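Mind the numbering: the sequence shown is residues 14 to 93 in the numbering used here, read in order.
In short, the hints are calculated from the structure, not lab data.
Just so you know, these numbers come straight off a predicted model, no measurement behind them.
All clues stand as given, with none of them false.
Computed cross-link-like contacts, SDA-like style, restricted to lysine to any residue with a CA-CA straight-line distance of at most 25 angstroms:
hint, residue 1, residue 2
1, LYS37, ALA74
2, LYS59, ILE73
3, LYS91, LEU45
4, LYS37, MET14
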Amino acid sequence: MFAIMVLLWCWATLRLNIEDQKRKAVFIGLALLSLLYGIGMEFVQKYCVTNRSFDSGDIIADGVGCVIGLFYSLGRFKKN
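Construct all of the structure, not just a fragment, from the sequences and the given hints.
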């Protein structure tokens, strides 16, 4: 799910018409923000939601998804 989220956010930024180097930085920023969102949701589950718990494995899975979405986006949305 996080790979798809990063991919969709990166796709949405294409209308900004920014140069390749800045686009790469924006994509990396979006992936990091998505990972921070995933980490935040783990803490919400730990402290605010009953019958849910904090799981570091979920954070790792979220991070892997973010990296996959980032690399796919960098390759797919590269200007030719």
